[in-house]
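Chain by chain, the residues run as shown.
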Amino acid sequence: MSVKSIREALNEAMRDEMRRDPTVIIMGEDVAGGMGAGGEQDAWGGVMGVTKGLMPEFGRERVLDTPISESAFIGAAAGAAMTGLRPIAQLMFVDFFGVCGDQIINQLAKFRYMFGGKAKTPCVIRTLYGAGTRAASQHSQCVYPVFTHFPGLKVVIPSSAYEAKGLMTQAIRDDDPVIFFEHKAMFDETGEVPDEPYTIPFGVANLTREGKDVTVVAIGRMVGFANQAADALAKEGIECTVIDPRTTSPLDSETIIASVRKTGRLVVVDEASPRCGLASDISAIIAEDAFDALKAPIKRVTPPHSPVPFSPVLEDAYVPSVADIQESVRSVMGSGASARVLEGAD
Amino acid sequence: MSVKSIREALNEAMRDEMRRDPTVIIMGEDVAGGMGAGGEQDAWGGVMGVTKGLMPEFGRERVLDTPISESAFIGAAAGAAMTGLRPIAQLMFVDFFGVCGDQIINQLAKFRYMFGGKAKTPCVIRTLYGAGTRAASQHSQCVYPVFTHFPGLKVVIPSSAYEAKGLMTQAIRDDDPVIFFEHKAMFDETGEVPDEPYTIPFGVANLTREGKDVTVVAIGRMVGFANQAADALAKEGIECTVIDPRTTSPLDSETIIASVRKTGRLVVVDEASPRCGLASDISAIIAEDAFDALKAPIKRVTPPHSPVPFSPVLEDAYVPSVADIQESVRSVMGSGASARVLEGAD
Amino acid sequence: MKIDKQRLLDGYRTMRVIREFEERVHKEFMTGQIPGFVHLYAGEEASAAAVCQQLGEYDTVASTHRGHGHSIAKGCDVMGMMKEIYGREGGLCGGKGGSMHIADLDVGMLGANGIVGGGAPLVCGAALTAKTLKTGGLSVAFFGDGAFNQGTTLESMNFARVYDLPVLFVLEDNGYAESTASSWSIGGHDPVRRAEGFGIKGARVDGHDYFAVYRAAEEAVAAIRNGEGPRFIHIEFTRYYGHFEGDAATYKKPGEVQDERRYLDALKFFRARTTGGGMLKAEDLDAIDAEVDTLIDAAVREAKAAPPPALSTLTTDVYLSY
Amino acid sequence: MKIDKQRLLDGYRTMRVIREFEERVHKEFMTGQIPGFVHLYAGEEASAAAVCQQLGEYDTVASTHRGHGHSIAKGCDVMGMMKEIYGREGGLCGGKGGSMHIADLDVGMLGANGIVGGGAPLVCGAALTAKTLKTGGLSVAFFGDGAFNQGTTLESMNFARVYDLPVLFVLEDNGYAESTASSWSIGGHDPVRRAEGFGIKGARVDGHDYFAVYRAAEEAVAAIRNGEGPRFIHIEFTRYYGHFEGDAATYKKPGEVQDERRYLDALKFFRARTTGGGMLKAEDLDAIDAEVDTLIDAAVREAKAAPPPALSTLTTDVYLSY
Ligand SMILES: Cc1ncc(C[n+]2csc(CCOP(=O)(O)OP(=O)(O)O)c2C)c(N)n1
Ligand SMILES: Cc1ncc(C[n+]2csc(CCOP(=O)(O)OP(=O)(O)O)c2C)c(N)n1
Ligand SMILES: [Mg+2]
Ligand SMILES: [Mg+2]
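Residue numbers (numbering that gives the first Met the number 0), protein chains in the order written: chain E, 0 to 345; chain U, 0 to 345; chain Y, 0 to 321; chain P, 0 to 321.
Excised from the complex, chain E in its bound form (with noise of 0.2 Å):
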């Protein structure tokens, strides 16, 4: 066990199924970086250097440097895995899905249904998400909830060191395909991690704090904004549970029922845009399967509906805040107003 940040247990746990299992390869934009070129060698280690360090043990046949064509190395990511390799693909921001969306959604995800289980394809796609970096419109989209609402794929995003090696190590093993979210303004965050290689199984939801009153489910660097806005409440007397779904597809929803069903109170943070977005989900969940146990309307957190824009100023009020999450819960509990309009484009 050690103090790891986000970037190295995530490299980490790819070393380590490397090192496991000859048929796991990298492959992507500049995971490597300097192909080609006559200067140094894995130079990048990927855009946030995240596998920085894997081309030099493994060699260029498991970690490849690719040309910018993301359709046809994700698709021969898809492809590499039906017929026996484990890719790990990187798909350089979560932005750019639409010039590969197909090989996703219609080759990777649907596969074994189509061929009536005869497929089996194990393959990570690793993606960067998220808003503020000012990173501006097309390279700070969450896009999570296209991929949870495919059928076929599995939608994985940590929240801390400790998830991230262990989901990606998960991941790796799993023989479904995977879509691995990784926050872009998360990746010098740190906390103990343990040094073997652990899974965390899908699909299992993280407590990450309880109490008696509001249940707030948030969604990767929201679990953060969350457990520090629960902080912030318990000095007035809130006490909030924080779920970390860490999967959203599967969704733990039974975790999330069980506990409003003790709270009867829920607030959804999501940093995706707000329409058909995870809070939407798990807040529809909840209102057809745990009704009863409701005393209060469901609030959801997210930013308004409308690109991200690059002014910090902007940036910062488009992301969902602490101090917008500490709203909603007071306004579950019946204190003040939600300030936060859903809707706000015009």
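Wrong hints could be hidden among the right ones.
Unchecked claim - Now the stretches of chain Y that chain P is said to cover, found in silico as 3 or more residues with beta-carbon under 8 Å: (1) 146 to 152; (2) 177 to 187; (3) 193 to 200.
Stated by the list, open to error - Chain P side only, calculated, beta carbon under 8 Å to chain Y, not exhaustive: (4) N148; (5) E154; (6) R160; (7) V161; (8) W183; (9) H188; (10) R192; (11) R193; (12) G196; (13) F197.
To be clear, the hints were calculated from the coordinates, so they are not data collected in a lab. The beta carbon of each residue, even a glycine, is placed where N, CA and C say it ideally should be.
Place chains U, Y and P with the ligands on chain E using the hints.
Okay, now just chains U, Y and P with the ligands, sitting in the frame of chain E:
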């Protein structure tokens, strides 16, 4: 006023707008047909014959058959819209959005915002959706929740010939990008349609039926199913209000809220996959904004979390049925349990 | 080049199975019992047959919406295929896939594909597996003239080149993508030159000539197995039926289809050449014809008699575990 | 070919504005006040300048993530650009776009683009507008060596060809896509031949030579305006800075960057050639240098002084009406 099929209604709307406005053009694969071939020209008029007759009237300069290059021609539609045309581009089946998604989601949808309000991109993307024609997993999806999710797009889903013409006319005249969904099993459905051009505004729901007991919101082809269910339920003494939102972005949530405030009960019927779909979206809005009016859990009627199967018996079981809707309505009335299992995948 | 007698008979048999399969599906479709979209391969048999004859156990192919021919040539069970097309229990995909998604990974058939251009990236992956695990295998992407303008196909050609992957790209140019002529849609009008623009050597052959396809495929496969990386073949021929069953193909010139069937027929050419030159005896071919008729007859009969899939299968096979 | 004096001075001025703009942004970025991803065009000036000199009012360009140069050359307001890069009120995009999304439709600049390969399809559309409305305009797609392997770019080349659209494809090959060498990533290693594979005539030029680019662009644009359809230019040069600000570019050979700046500099070449040959006087160029320094200085000063955008603009401009 005369009886027209949805096919005819759409054709008429496009024809009239092309007559009215020389900047309206049509492009897509085989929208005329016969390009470069030695036989009949206008041989197809699109895969469903909807644009038949337009090329002979307006010429190949305004009705463009394209190579199978969705990124190029959907992107070209976006670029044309930015520079002064009003293109109607056909993405043959919406399932194919994965090969050109970027041009819709990151380009078309975001220009205006990213460019600080300077761009205007009046562009209609017509596309086929929906199950029921034994077209299997890659030709039967709904996908409209995905487009609804992304800010910057308008999403239109007509449920009748009358709506088809009025909404198409509005879509062509609208200055924002519009994704226009046509259910492939509905083209021969007929109804009374005015012969003159008319528009139906976006974001205004249509109450196809009023009843005091339960509000049923249904999308696209499900509107007809919901009305059939309501007819049958009326005989049992259950009176439904059936709401057709007509557009999912913008969504007329006010009308739905107002109705639920009267009935206290909500069932949402959506042919899209259940996770992060429209049913969840609408349910969450009500659980947040009309919670106090609710007398029962909000029920969602959707297919299971699986790809669309090919075999007729399986596909018929996949698509939400009139009986499924009846059962869900009965269940929110407190009589009988809902049969549909949302997360049926295993 | 000399092709031994047994291989010739095998090649003929494959072409005959494909032809008869498609003719029967065409007939049965008109009775209304076959659901969905069906795209027939009749007229194009020499491509699937002669290319797949170069392949072995560790080799794979990715196909298209027009996938019956490739499936048969790569060794999919004809009975299972017919049941699948009817959407019945015992179908190769349990009735979940249908004509557009026939696949059998056990014989290296990576799937028909409902997405034009869907196959080429997958084939790069299968070739990557072969290269990484040193199986000696190669992978073939069959795709149409329409698909040749799809970005996924073009990217894959570059990807296969830069990684010297063992991939054979087979452009099946039947003159049309739906109703659109390939003589119009392919900018530059010279597919082999386009392939060369990606650094991939190519050849153009008459697809009604089994021998021409065989020779080109043999040469390309030898080069690929020799580690030279990807190759390209442009095969030109015609499809006998409409784009899908139900398409009247009026965009073709009046008489075009009739002429094709009369003058451009790989099976007739094959018979004339092999029996005329004394390579094969007409009786051998007749025997195959009779055997194939029986086989397809039985397949249709069994498919019609098979029950539909169990309703409980609707939600199975979405995941291995969930 | 003879380029008149005023045009030469204009070309130089554009290159000088781009160079100074980028040098200053580089410096200012290091102070931590410029947010986000910034990709600098320094080293590549001749392409934007000499190509855009061929364009007029009705012509349009689509750019890339490395878009400052094209924006300046197509006539975007430098003050508005700098404010945009700082994310301030009065920025060309109201602070919502930033460096990667600078656009000004009023001057025919259809936008930088955060998506590699995003521009080529848009340009086909702009060209379609020109053709349909008979404006006489043409449209230029600038894209990098990395983008040349993206399906969107390749499809667009075919699309422009089959419709004979007035499009100029300009491949800006600076040797790298991020850290990946273009000598590796472009299968076949011959972009002009690849373009020809789509039926598009192309030329290859040294991008450090303003005159070479000018000549190639002039010829291509004349052909396009003559109704001959799309053309292609492969421009080779180097970028002086890392892929984005913050990239140490260690994948380049030691000394590579220093050598580039010393030996491969379009501005130095231009000055040497024009003043050496007596075409221009050194003083004229010096005067431009001084004027440009003042301009960029003022832009940075104003940008820093500008307030951030009003919070109320967060949700405006999503739609025209909603
Ligand atoms: C991405 C995508 N675009 C469009 C279609 C619709 N479509 C199916 S087959 C076809 C024509 C394909 O032509 P070609 O590649 O020449 O193959 P052929 O049918 O001639 O065998 C089209 C446009 C599709 N299935 N997928
Ligand atoms: C579709 C897509 N894939 C990947 C990226 C990440 N990315 C941004 S710039 C870049 C390199 C582009 O190289 P090139 O086209 O040569 O342009 P240059 O940066 O050299 O000007 C990459 C991979 C992206 N923005 N979009
Ligand atoms: Mg074809
Ligand atoms: Mg480059």
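Comparing the hints with the structure gives:
1. 146 to 152: holds (count 4)
2. 177 to 187: Coverage by chain P holds for the region 177 to 187 of chain Y (5 residues, Cβ < 8 Å).
3. 193 to 200: holds (count 7)
4. N148: 5 Å, holds
5. E154: Because about 5 Å separates E154/P from the closest Cβ in chain Y, which is inside the 8 Å limit, the hint holds.
6. R160: 3 Å, holds
7. V161: 5 Å, holds
8. W183: Status holds, d = 6 Å.
9. H188: 7 Å, holds
10. R192: 5 Å, holds
11. R193: 4 Å, holds
12. G196: 3 Å, holds
13. F197: Because about 5 Å separates F197/P from the closest Cβ in chain Y, which is inside the 8 Å limit, the hint holds.
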